[in-house]
Amino acid sequence: MRRLLVGLAAAALAATMGTALAQDKKTIGVSIPAADHGWTAGVVYHAERVAKKLMEEHPNLNVIVKTSPDPASQANAVQDLETQGIDALVILPTDPDPLVNAIKEVKAKGKFVALVDRAPSNNDDSVRDLYVAGNNPALGEVAGKYIAETTPNAEVVIIRGLPIPIDQQRQDGFDKGIDGSAVKVLDRQYGNWSRDDAFKVMQDYLTKYPKIDVVWAQDDDMVVGVLEAIQQAKRTDIQYIIGGAGSKDMIKKVADGDKMVPVDVLYPPAMVGTAMELTAAGLIDQVPVNGTYILDATLVTKDNAEQFYFPDSPF
Amino acid sequence: MTDTTTTKAPSRSFWRDVDLRAVAPFVALFLLLVLGSFAHDNFLTTNNLLNVMTRSAYIAIIAVGATFVISAGGLDLSVGAMVAFVASLAIMFMNAGSIASPLGMVLAAMAVMVLIGMACGLANGLITTIGKIEPFIATLGMMGVYRGLTTWLSQGGAITLRNADVQATYRPIYFESLFGIPYPVYAIFVTGAIAAFVLYRTSFGRHVIAVGSNEDVARYSGISVERVRTLTYVIQGLCVAIACLIYIPRLSSTTATTGMMWELQAITAVVVGGTALRGGVGRIWGTICGAFILEIVGNVMLLSNVISEYLLGAIQGAIIIIAMLVQRWLVRKS
Numbered sequence: 097m098r099r100l101l102v103g104l105a106a107a108a109l110a111a112t113m114g115t116a117l118a119q120d121k122k123t124i125g126v127s128i129p130a131a132d133h134g135w136t137a138g139v140v141y142h143a144e145r146v147a148k149k150l151m152e153e154h155p156n157l158n159v160i161v162k163t164s165p166d167p168a169s170q171a172n173a174v175q176d177l178e179t180q181g182i183d184a185l186v187i188l189p190t191d192p193d194p195l196v197n198a199i200k201e202v203k204a205k206g207k208f209v210a211l212v213d214r215a216p217s218n219n220d221d222s223v224r225d226l227y228v229a230g231n232n233p234a235l236g237e238v239a240g241k242y243i244a245e246t247t248p249n250a251e252v253v254i255i256r257g258l259p260i261p262i263d264q265q266r267q268d269g270f271d272k273g274i275d276g277s278a279v280k281v282l283d284r285q286y287g288n289w290s291r292d293d294a295f296k297v298m299q300d301y302l303t304k305y306p307k308i309d310v311v312w313a314q315d316d317d318m319v320v321g322v323l324e325a326i327q328q329a330k331r332t333d334i335q336y337i338i339g340g341a342g343s344k345d346m347i348k349k350v351a352d353g354d355k356m357v358p359v360d361v362l363y364p365p366a367m368v369g370t371a372m373e374l375t376a377a378g379l380i381d382q383v384p385v386n387g388t389y390i391l392d393a394t395l396v397t398k399d400n401a402e403q404f405y406f407p408d409s410p411f
Numbered sequence: 023m024t025d026t027t028t029t030k031a032p033s034r035s036f037w038r039d040v041d042l043r044a045v046a047p048f049v050a051l052f053l054l055l056v057l058g059s060f061a062h063d064n065f066l067t068t069n070n071l072l073n074v075m076t077r078s079a080y081i082a083i084i085a086v087g088a089t090f091v092i093s094a095g096g097l098d099l100s101v102g103a104m105v106a107f108v109a110s111l112a113i114m115f116m117n118a119g120s121i122a123s124p125l126g127m128v129l130a131a132m133a134v135m136v137l138i139g140m141a142c143g144l145a146n147g148l149i150t151t152i153g154k155i156e157p158f159i160a161t162l163g164m165m166g167v168y169r170g171l172t173t174w175l176s177q178g179g180a181i182t183l184r185n186a187d188v189q190a191t192y193r194p195i196y197f198e199s200l201f202g203i204p205y206p207v208y209a210i211f212v213t214g215a216i217a218a219f220v221l222y223r224t225s226f227g228r229h230v231i232a233v234g235s236n237e238d239v240a241r242y243s244g245i246s247v248e249r250v251r252t253l254t255y256v257i258q259g260l261c262v263a264i265a266c267l268i269y270i271p272r273l274s275s276t277t278a279t280t281g282m283m284w285e286l287q288a289i290t291a292v293v294v295g296g297t298a299l300r301g302g303v304g305r306i307w308g309t310i311c312g313a314f315i316l317e318i319v320g321n322v323m324l325l326s327n328v329i330s331e332y333l334l335g336a337i338q339g340a341i342i343i344i345a346m347l348v349q350r351w352l353v354r355k356s
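Read top to bottom, the protein sequences are chains A and B. Quick note: the first sequence uses the working numbering, first residue 97, plus one each step. Quick note: the second sequence uses the working numbering, first residue 23, plus one each step.
Chain A on its own, in the form it takes in the complex:
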């Protein structure tokens, strides 16, 4: 699947370069959450970046990006886009289940619908033609495997996000990743994906455990708090920290060869761009793009970090 995706995206890109001439005017509507925290800020940035790029490449293509703070206003935004006359809708729902009907209505009118990241309980082809998402279990598994391979006897503390399903998927993935190794999990506590809370939790871990080898914080924002807490305690036993998502600050640390942050695991907000590119390819070049695309939770290392670094992004 992942090879297929990369291949398809590349092919789509190459194909769209040459054949944008002599076609009808097409419009893609993009509906995404408003930037209310780091990751969604990244989504907005990448949606606008890719929209601009697509319109430059295809003179006949118009891309409208709309942001909405909550499900109710997003349902209105989808309706407005539909009234403006779109040929395809790319949507990253603030909350998928309340928006299912609004999305289905667009689909019922024969428009192409691409759904990104957050799936409703009933995620089949009656709702969307294309589904692009990151891989939460793999985000945990990749981190777990890296720890098991790099430091096979490590004693690990985990800082979780909020008690919601994707957090649990990441935890289960992590346990699968370290399964069969001698890696020992000392503790898991919630840090609410917040820098301040992660700072507190890490301070308490440092009080509680005289020796910690690795911290898995599974989120780049929380790594900021963890690093400060370790620096304050002047503890030298912690070998490294693994975050997740791919914020520019952490990718930069990886690229610079920071010893405390040797790797990061991707859960890229740029996935909205993947969906937009594929939608444009299907719309303009008539290549088949329907299906489900689960992006890899790629391990970002010093060697490939440059490829994921967006210095202008707010995230």
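Watch out, some of these pointers could steer you wrong.
Between beta-carbon pairs, the in silico distance windows are [said to hold, decoys possible]: (1) Leu57/B <-> Ser217/A: 55 to 65 Å; (2) Ile155/B <-> Pro165/A: 19 to 29 Å; (3) Thr68/B <-> Thr246/A: 27 to 37 Å; (4) Gly353/A <-> Asp63/B: 30 to 40 Å; (5) Ser330/B <-> Ser169/A: 47 to 57 Å; (6) Leu55/B <-> Met356/A: 27 to 37 Å; (7) Ser330/B <-> Ser217/A: 23 to 33 Å; (8) Asp220/A <-> Ile155/B: 41 to 51 Å; (9) Asn219/A <-> Ala190/B: 46 to 56 Å; (10) Arg331/A <-> Ser330/B: 21 to 31 Å; (11) Val212/B <-> Asn219/A: 41 to 51 Å.
Anything over 12 Å on all C-beta distances counts as not near chain B; from chain A, calculated [what the hints assert, rightly or not]: (12) Ala215; (13) Ile254; (14) Asp333.
Partial pick of chain A residues on the chain B-facing surface, computed with a CB cut under 10 Å [to be verified]: (15) Asp132; (16) His133; (17) Ala137; (18) Glu245; (19) Asn249; (20) Val281; (21) Asp283; (22) Gln285; (23) Ser290; (24) Ser343.
Derived from the structure by calculation, the hints contain no laboratory data. These numbers were taken from a predicted model, which means no experiment stands behind them. Beta carbons are placed, not taken as given, at the ideal position from N, Cα and C, and that holds for glycine.
Chain B: place on chain A using the hints.
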């Protein structure tokens, strides 16, 4: 605060004259410390206790301001968002780098924070008093305004202090100590001492309590209720600014979610500390004690191995309720 008198039967009247309502939070704090010592061997280490006191500084200082607002019969729900707003503006000011020397830059930023904080407080105060809007709604609205402006300033992401020299100059304010005590702990007690002086020893302080206990009586006695109430919001803004002064050096950045729910923590600290939500009573040291209690509850939970991480919220809530029940019980006994 705990007055004793010398009478013929000292042992009995000592207990009768101690204001148990004022002592109760300290009893709860003591019980919590005992409980904590069972949770983990490292709980009662100086290092852990200083960590906890240091990080409770934000809530403690904000709650000192809230004690003024609440004892004058008001309420301020906007403080958490105000922290994010004031701190974000200060970081952007420092990033603009208009002053060459890092120390000058930090001092200027501190002045900027104090001014913006007081201006925000003044805005809240004028809306509730001149605008005659219920404080709950007025400050809920302002909470949205401050939070929204912060989100807009940060474009949803983070605002980070870029200049490494300024960062190095500012960082010690949170992380360094004087005589083994971190600076934020001094900040708590100095703020508390000044606040206690203002509330208990000045005519303004007595006016605050008078306005909170009975607005009409206060008005008939010639107190300008609007002026007193507005000033309590300005004090709240000033306290938020002081909290920002020590918030920025910790992580050197703010996000759109900075200070989320801090208003509720501050109000909880005030109430746990023995100040009545209906106004008319203000206990500065109780409030600071309440902030310590809140932070220690979280610390004890995390250090203990017996409690599932899924139950933390429930146990935290239960401990706060128990602390309040202990208070009520002590008061009834007196």
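Do the hints match the structure? See the list:
1. Leu57/B <-> Ser217/A: 55 to 65 Å: Given range 55 to 65 Å: violated, Cβ gap about 43 Å.
2. Ile155/B <-> Pro165/A: 19 to 29 Å: Given a distance of about 24 Å, which is inside 19 to 29 Å, the answer is holds.
3. Thr68/B <-> Thr246/A: 27 to 37 Å: holds, 35 Å
4. Gly353/A <-> Asp63/B: 30 to 40 Å: For Asp63/B against Gly353/A, whose Cβ atoms are near 38 Å apart, the range 30 to 40 Å holds.
5. Ser330/B <-> Ser169/A: 47 to 57 Å: Because 37 Å falls outside the window, the suggested range is violated.
6. Leu55/B <-> Met356/A: 27 to 37 Å: holds, 34 Å
7. Ser330/B <-> Ser217/A: 23 to 33 Å: holds, 27 Å
8. Asp220/A <-> Ile155/B: 41 to 51 Å: At 50 Å between Cβs, range holds.
9. Asn219/A <-> Ala190/B: 46 to 56 Å: Holds, since Asn219/A and Ala190/B (Cβ atoms, about 50 Å apart) stay within the stated range.
10. Arg331/A <-> Ser330/B: 21 to 31 Å: holds, 27 Å
11. Val212/B <-> Asn219/A: 41 to 51 Å: 57 Å Cβ-Cβ, so the 41 to 51 Å window is violated.
12. Ala215: Non-interface label stands for Ala215/A: nearest chain B Cβ at 23 Å, farther than 12 Å.
13. Ile254: violated, 10 Å
14. Asp333: holds, 15 Å
15. Asp132: Asp132/A check passes; min Cβ-Cβ to chain B is 6 Å, inside 10 Å.
16. His133: holds, 6 Å
17. Ala137: This interface hint holds because 3 Å falls under the 10 Å limit.
18. Glu245: violated, 27 Å
19. Asn249: Not OK, violated: Asn249/A not within 10 Å of chain B, min 21 Å.
20. Val281: violated, 12 Å
21. Asp283: holds, 8 Å
22. Gln285: holds, 5 Å
23. Ser290: With a minimum Cβ separation of about 6 Å from chain B (threshold 10 Å), the hint on Ser290/A holds.
24. Ser343: Status holds, d = 8 Å.
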